[in-house]
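One letter stands for each residue in the lines below.
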Amino acid sequence: MYLRTLFILCFIVLGNTFTSKGQIERIKRSCELNFPSEFISDGQDYFAALKPDQKIEFRTTFFSDNTYRISACSTVKKGKIVFSVYDTDKNLLFTNESFDYTPYWNFTFKSTVTCTIQVDVVGNSSFTPGYVMLLIGYKQ
Amino acid sequence: MRKMRILKLPITKGLPIFLVLILSFVLFSGCKSSRNDTEKQSSDIENLDTLSTIIKFENAIFPIPSPWQVMNLIKTNNIDFIENTLNTPDAYSRYNTSFKQALNLGVYGTDMGYLNLYEKTQESIKFLNSIKKLSEQLGIDQQFDNKFFNRIENNINTQDSLIRIFASAYSDADFYLKTNERDDIGALIITGGWIESLYILCKIAIQTNNREIINRIGEQKHPLDNLIDLLTPYYYRSELYSSLIDELIDIAYEFDGVIYSYSYKDPIVDQANKLITINSTSRVVMSEYHIQIIDKKIETLRKQIVE
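Protein chains in written order, with our numbering: chain A, 1190 to 1329; chain B, 16 to 322.
Hints are computed from structural coordinates only; laboratory data are not their basis.
Among the hints, erroneous ones may be present.
Among chain A residues calculated to face chain B with C-beta under 7 Å, some are [stated by the list, open to error]:
1. Trp1294
2. Phe1296
3. Thr1301
All residues carry an ideal CB built from backbone N, CA and C; glycine is no exception.
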């Protein structure tokens, strides 16, 4: 009995060790599906753990006369991922909540604007913690 | 004495102790080797739930614009190539610490982007070799493997494809580093790339006085703040980090003299193409003095990195 418990414990610990990494790798693959080759990655991958009642903020600068794609993904099974883009004056420029929670959107900037992208999961009280990932790319 | 007693235990009693030891080892080594940035953030968030100001910082991520995109403006302005601006390809052999190797991997990436703008294939090949060597030394050569070099070789004359291949490799390297608890190295690569792009832009601005390039330098004010925020968690890791961050902060003080104004205008949504046009306008006013001083300071910092 004692041995069996220990074996189960070993299995759980080993499982957890590899699951997080696997989750992030899966989320990256899923995010890349919405990232066609005409968009060039900015060379970085942004991901973070998301817990109930918390939001992740990504602050970045978008340069004038460029078109960008933002693709957001999550491993959170219950709930929908919301990403909203605000300018430095906290004006809401875009939220995917208005577009049926689409996982990606394109942005053309007439001028250079520094923005905050807020990522959140909504829609289910029994939210389970998970990871969120954001990919940002510009159109060549 | 204790060791002897364990060895004398019958196998059925000794096995659970052996398993406990394995379990402890897995538990601790698992935490060390595969605990990634996000998991660390998660546990930090747990501990800091009541500290709203820190939560804001812990939950913020600081993307830095790609140096290749920053330099894209050079291409659209038809600016001549400036000789002797780039790092020397064989300098990689001088970089003996992972700190310098990572920074210079970023520097070489930006240099490749600059050469690529002017289709300087022969020079690019030398820089590719330096990138290969540094990535090997940093243990991220899986992202810069033979497949990567074959793709480069097949697209050496296709400017857009080359940038795409580079961006993808640097992104994979960033992902690998972040998921293997080496996010500091990832941050240094980004820092090196950013410093080199600002250095090149300053040299072009001084030589050409091109207004768009000067504005693009002024627009680096917010990315620099992000870069400092990105590096801040490593401030006390070593004197190398603290010195680098202090110098970036010093440059950020100069950027405070750049006037940046912004006015909101309603965006236009094109739902069919999943596109929004942001019509808000921004304006950068940067004096000759600020260009000169930022150029001087970035040159000094860059010299310390590449020498």
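Checked hints:
no. : hint    : verdict
1   : Trp1294 : 5 Å, holds
2   : Phe1296 : 6 Å, holds
3   : Thr1301 : 5 Å, holds
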